[in-house]
Amino acid sequence: MKYKIEPKVEIKINGETYSYKLFESLKLLDEMSSQRAVAKRLNISHSVLNRRIKNAEKKLGFDLVKISGSRTYLTEKSKNLVNVYEKYNSRVVETDKLIIAGGHIITNFLESISNEMPFEVDIYSSDDNSAYKLAKKGLIDILALDDPQIAFKNDLDFRVIGYDNLVLVSNEMSSNMKIKQMKDLKNLEFVSIEGTAQRLAWSTLDENNIPYKIIKNVKSEFDAFKIVQNSNKLYTFLNGSYFKGNNVLKEETKHAISLIAVNSEKKEVQEFIEYFLNDGQKLISREGFIPIKPWKTKEKKMKLSI
Numbered sequence: 001m002k003y004k005i006e007p008k009v010e011i012k013i014n015g016e017t018y019s020y021k022l023f024e025s026l027k028l029l030d031e032m033s034s035q036r037a038v039a040k041r042l043n044i045s046h047s048v049l050n051r052r053i054k055n056a057e058k059k060l061g062f063d064l065v066k067i068s069g070s071r072t073y074l075t076e077k078s079k080n081l082v083n084v085y086e087k088y089n090s091r092v093v094e095t096d097k098l099i100i101a102g103g104h105i106i107t108n109f110l111e112s113i114s115n116e117m118p119f120e121v122d123i124y125s126s127d128d129n130s131a132y133k134l135a136k137k138g139l140i141d142i143l144a145l146d147d148p149q150i151a152f153k154n155d156l157d158f159r160v161i162g163y164d165n166l167v168l169v170s171n172e173m174s175s176n177m178k179i180k181q182m183k184d185l186k187n188l189e190f191v192s193i194e195g196t197a198q199r200l201a202w203s204t205l206d207e208n209n210i211p212y213k214i215i216k217n218v219k220s221e222f223d224a225f226k227i228v229q230n231s232n233k234l235y236t237f238l239n240g241s242y243f244k245g246n247n248v249l250k251e252e253t254k255h256a257i258s259l260i261a262v263n264s265e266k267k268e269v270q271e272f273i274e275y276f277l278n279d280g281q282k283l284i285s286r287e288g289f290i291p292i293k294p295w296k297t298k299e300k301k302m303k304l305s306i
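Okay, so the sequence shown: first residue is 1 according to full-length UniProt numbering, each after it adds one.
Keep in mind that the hints were calculated from the coordinates and are not lab data. Each statement offered as a hint is correct.
Under the rule of at most 20 angstroms between Cα atoms (straight-line distance), these lysine to any residue pairs were calculated in the SDA-like manner:
#, residue 1, residue 2
1, Lys12, Ile53
2, Lys97, Ser125
3, Lys54, Thr75
4, Lys213, Asn230
5, Lys213, Glu194
6, Lys244, Asn108
Start from the sequences and build out the full structure, keeping to the hints where you can.
Shown next as structure tokens:
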């Protein structure tokens, strides 16, 4: 059975809990300026509404409304409370759009093709760790990961929609072109990006006893790119789907990009994921990623009859 769930927010102030009914009443009063009209809209008596407001005023220690003739207006403190309620309530209200947050690479990909997808989406670009925090709070519908490490660590059910690999990137004036094999990376200085698939590059160098030095840590691939482009000696590893570079560790750094259903109650969530497992593979391939279903990326040839 499909349930229609409409969560309502309660707010605790100085140890006292105030029901959503109070804040909804105040919101309507701000719009209608009439207690009798609001009571009628809420299908309660005028006395019940008045008592609801008076009881809250007594606990809070200040007036929520001011009366002028037959009109009732909110005080500034009351308006501030309503604004706080609106802020928190908006976080739990369902929208028709899919709310997606994730790593910089996969969310930039989704943003670039958003007009071609059969879904309405709001996309928020961050690092995988920050996006995962939003997912744990239930503030998003889909978690999009540049690297599946978080999913492995937290036993999350993730769906791989494609693959990427890392390329070595440096300033054009540097010696990038002379690097032909792994041993040529010896003693290079790098910019590292926290919580990304760069872990594969560092572990590969460590396993092969290739000494290297990390000079700076940043949170974004685009920050790392900017830094190395302004230096004649620094290097970094970035996603081959977005950046041009040396494929010296192409095979060693191949990794999955994936989607995780956070709000499984929303039917569009699974439909979105299934789309990228099938027809969306063409977009995966077109945007520089490695598709999981290569045959999906090939257009069917039309047979011509004479």
